[in-house]
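**Q** Residue-level listing of the chains:
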Amino acid sequence: MQKSIIENLLNDDAVSKSNYQSLARILPQVTEQQFAAGETIYNANARAENFYLLVEGEIKLVSPQGRESNLVNQRFGEEAASDADHYLTDAIAATAAVVLCIPRIAMATLVAANPALKTDLLFSLASHLAGEKLERRTGAVERKHSPHPPTKLLGWSCTLALPLLILFFGDRLKIEHNAVIFLAIFSATVSMWIFSLVDDYIPGLFALLATLVMGLVPASVILSGFASDGFMMALSTLALGTVVVTSGLSYRLMLTLLLRLPNTQFWHFTGLFLTGAAITPIIPTANGRTALISPFYIDMVDSLHLQPQAAAATRLAVACFNGLSLFSAMILTSKSVNFVVFGLLPPQGQDHFQWMTWLITSIVAAIVLLAINAITAAFWFRNREKPKLSKERVAEQLHLLGKLKNREWAALAGIAFMVVGMVTSSIHKVQPSWLSFAMLFGLLLCGSLNKKELKEKVDWTFLLYLSGITGIVAAFSFLGLDKTLSASLPGLADYMHNNFELFILLLFVLINLIRLAAPINATIVILAAILMPLADISGINPWVLGFIILILSEAWFLPYQCSYYLQLQELNKERMAYDEKSFLRFNALMNFARLAAVYASLPYWKMLGLL
Amino acid sequence: MKIKPEKFLVGLFLVVSLVLFAWFNVTRPSILILHSYDTEYAWVRDINIGLNRVLGNKYIYHIRWYYMDTKRHPSKEYKASAGIAARRVIEETEPDVVIAIDDDAQKYVARYFINHPKIKIIFAGVNNDVSDYGYDKAKNATGILERLPLMAMQETFQIASNFKSLDHPIRLAYLGDNSETVSGDLKQIQSFNWSPLQFIAAKRVNTWPEWQAAVEELGKQADVILVTGYRRLSRSATVSTLVPAKEIVEWTEAHSKIPVISGNGFYTEEGGMLAIGTSPYEQGEIAGEKALEIVEAHKSPDGLPIVSSNQFIVTMNGSKMKARGFSLPRVYEAAARTGDKYYP
Chain F
37 MQKSIIENLL NDDAVSKSNY QSLARILPQV TEQQFAAGET IYNANARAEN
87 FYLLVEGEIK LVSPQGRESN LVNQRFGEEA ASDADHYLTD AIAATAAVVL
137 CIPRIAMATL VAANPALKTD LLFSLASHLA GEKLERRTGA VERKHSPHPP
187 TKLLGWSCTL ALPLLILFFG DRLKIEHNAV IFLAIFSATV SMWIFSLVDD
237 YIPGLFALLA TLVMGLVPAS VILSGFASDG FMMALSTLAL GTVVVTSGLS
287 YRLMLTLLLR LPNTQFWHFT GLFLTGAAIT PIIPTANGRT ALISPFYIDM
337 VDSLHLQPQA AAATRLAVAC FNGLSLFSAM ILTSKSVNFV VFGLLPPQGQ
387 DHFQWMTWLI TSIVAAIVLL AINAITAAFW FRNREKPKLS KERVAEQLHL
437 LGKLKNREWA ALAGIAFMVV GMVTSSIHKV QPSWLSFAML FGLLLCGSLN
487 KKELKEKVDW TFLLYLSGIT GIVAAFSFLG LDKTLSASLP GLADYMHNNF
537 ELFILLLFVL INLIRLAAPI NATIVILAAI LMPLADISGI NPWVLGFIIL
587 ILSEAWFLPY QCSYYLQLQE LNKERMAYDE KSFLRFNALM NFARLAAVYA
637 SLPYWKMLGL L
Chain S
5 MKIKPEKFLV GLFLVVSLVL FAWFNVTRPS ILILHSYDTE YAWVRDINIG
55 LNRVLGNKYI YHIRWYYMDT KRHPSKEYKA SAGIAARRVI EETEPDVVIA
105 IDDDAQKYVA RYFINHPKIK IIFAGVNNDV SDYGYDKAKN ATGILERLPL
155 MAMQETFQIA SNFKSLDHPI RLAYLGDNSE TVSGDLKQIQ SFNWSPLQFI
205 AAKRVNTWPE WQAAVEELGK QADVILVTGY RRLSRSATVS TLVPAKEIVE
255 WTEAHSKIPV ISGNGFYTEE GGMLAIGTSP YEQGEIAGEK ALEIVEAHKS
305 PDGLPIVSSN QFIVTMNGSK MKARGFSLPR VYEAAARTGD KYYP
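Protein chains in written order, with our numbering: chain F, 37 to 647; chain S, 5 to 348.
Heads up, a few of these hints could be off.
Some chain F residues close to chain S (C-beta under 8 Å, calculated; not the full set) [stated by the list, open to error]:
id, residue
1, Leu381
2, Gln384
3, Gly385
4, His388
5, His464
6, Lys465
7, Gly478
8, Leu480
9, Cys482
10, Leu646
Hints were generated in silico from the structure; no laboratory data involved.
These numbers come from a predicted model, not from an experiment.
Each residue gets a CB set at the ideal place from its N, CA and C atoms; glycine is no exception.
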């Protein structure tokens, strides 16, 4: 009997798509029932307690107005799998019928484990009511394989060959044997990063695992990332970002800015730019900010009736993109990889370059970038379009959002707590990392961030990535590889020490060459891991070098080099809102503006005693 | 709006907790330990051991460490920048006590806070005079001076069997680099009454070839060479890269015709034969104790006397002593072993 139940479950084209573990779980609750011809199975408005699969016979559904229809699919009672409490129709056996009956509670389990089933059953119910089979069309999602398989093959070949080569020729390096083994592990890790063979966090875990298993350094060293200040600050920022986004506060902020700012082209650009800039500290991924802001860009192009592909629409796209990305390097919590650089600072650097000091120390670069962006964009995209924003519509949108909700207040309180805490840190002497931890605790205690969101919305893989990198660098230093590297790169160290200006130029070229193949994060991690210890030895403040690597590594010329631009590009492919060629040319100019911002900061850093 | 009692209590718990955390931190005194050098320098490491012995209850006070790293980067420009950066840290954090260690921390940082209304200065590892930094006129500064154990050295030279057969007074020469520390050391050495020993020469050099030549030259004139600072030797007159300390000491031990003895304990760790050095542990411990008297007993620095180092350590490399035939009473070896500073 059991076997036939299983067969009948698997015969249903919707239920059979469920994973077998969830089907096995509900199996004990599935029963077979028989109904005589004319027998009512349920009535309209009765509590929807069961979902049915027809095994034999015929069933007809009768609406409260008396309209009869036959089953379009071999199932009925789909209401029991939805949030509806009651059946919409009667179900009557037209002939003697055998059905499988699945209780509502079992369906809830099944739907929770198979979210797509809910939609399939909704379509099934709609088909019954319409009297014809409504097909669910699934858009063919074009999956991008990046990199292409041949690149992957090359990448895996390197990942296999590099460690072997290092192990084979390691003796020539004249370093301890455990350092040679670690270098081999590191080379495989870097290769996986550069060729994007797996998700970013997996190579770091490989390095931790291999180092731990082989006992190359003490566990406290290689796992130090998990106990670092940066870990806690990253976790707290991710949590705050989750509350800001899911509470709707960020969307309300955008609408409010648009409503308050004057209705001119300049202020529209400024508003969108400021919105991106305002959420930069609280949403710690550029991709996350792009996902949040870019739909708003499209909304604005529509509501302002901007001419597609023209200068005004392109300038708005630039404002959107630069607003959310231009200050990434200047704000510690704006990008996950900033925490990596923070984690690579020596302890006194981590004490000093906390959130506010990080921002103040990079303020000249921020001002220069902002000025170049504003002035150049004004000339580059000058136009005579007269856009009109319907403030009434924005006001209606805001009205629909209603008053600030409790979770929005909680997000605001979290932000205010961090800002006040950081500004008054010289009084209470609590490090920003612990302030952010307190803020996280408050959000959890008050239920503003629930367990499900903490589990699902916080990017735990990034935290593993961060801890992996920090551990790798700690092991690098423990094994003395930083000094070995410094000794083996005397030219670079000399340039760094004796001609820092030229070194910056060389670094800019080097970064752009690496960025042709490697993604932003991998470029930053590898260069920072190698050069920051070298900076310490060469008498250059490691923060200065880390910051320069961060700001220059964000340079990109071709779309594939920047994952968060690809998100904007995807939107533009559908809407053709802005002129991409013009956008890319402007972006190329901004890459050189980054270099100019670094040079402009040098006197300021000298004044601060950092150079 | 009506607030549910449970929510009110949760909120109250959160607010009370945060207020208590904040109060605890606001009332907790803070101490900044400012080193002139870097963590890899053995002298710094041993001073930190002394400090940590005393400042054990870290939860009672907030401790922050800062390293200026001027030993590895001795240029004036770097020191000036490191000084500005360290002063910024002090201005931003306003610690209750700054423990400034070694001369660069005094010259480039601590002296700028003399008679500061809030910040108290404790100095340690100071080879120069207190007046060089204006501490003699400061009401908010006290500390411990680093003084070479010259009397102990004098006794050691007299007791060493190698020199007993000499038909003339033991001739002592000094060799050092051009660092601030060596200036202070040299002042002490030159003003000390070495009698019945004869202090015949003091040489300070900038480069590695000059050092090598000096070792050879002094070997012809003296019976023993005393060294203290040698970390600021450039590779040559044209290459400014510093020569690693280990390379200097090992070469000196191998090429000097006469015994070379140091006034710094870490000399043997870097390959030397014997050192009778100022105790870094004492420097750390006294500085830590004075800091506690200020932050816990609320004493004023001008009520705490400035003291000079009183303890010294013996560090010894047994095989190098044997190779040179340099012998001392067994109690020296016992002292080195007790301090875990005997290298077989």
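**Q** For every hint, state whether the structure bears it out.
**A** For each hint, the structure was consulted:
no. : hint   : verdict
1   : Leu381 : violated (13 Å)
2   : Gln384 : holds (5 Å)
3   : Gly385 : violated (10 Å)
4   : His388 : holds (6 Å)
5   : His464 : holds (5 Å)
6   : Lys465 : holds (5 Å)
7   : Gly478 : holds (6 Å)
8   : Leu480 : violated (10 Å)
9   : Cys482 : holds (6 Å)
10  : Leu646 : holds (6 Å)
Consistency note: the structure conflicts with the earlier hints numbered 1, 3, 8.
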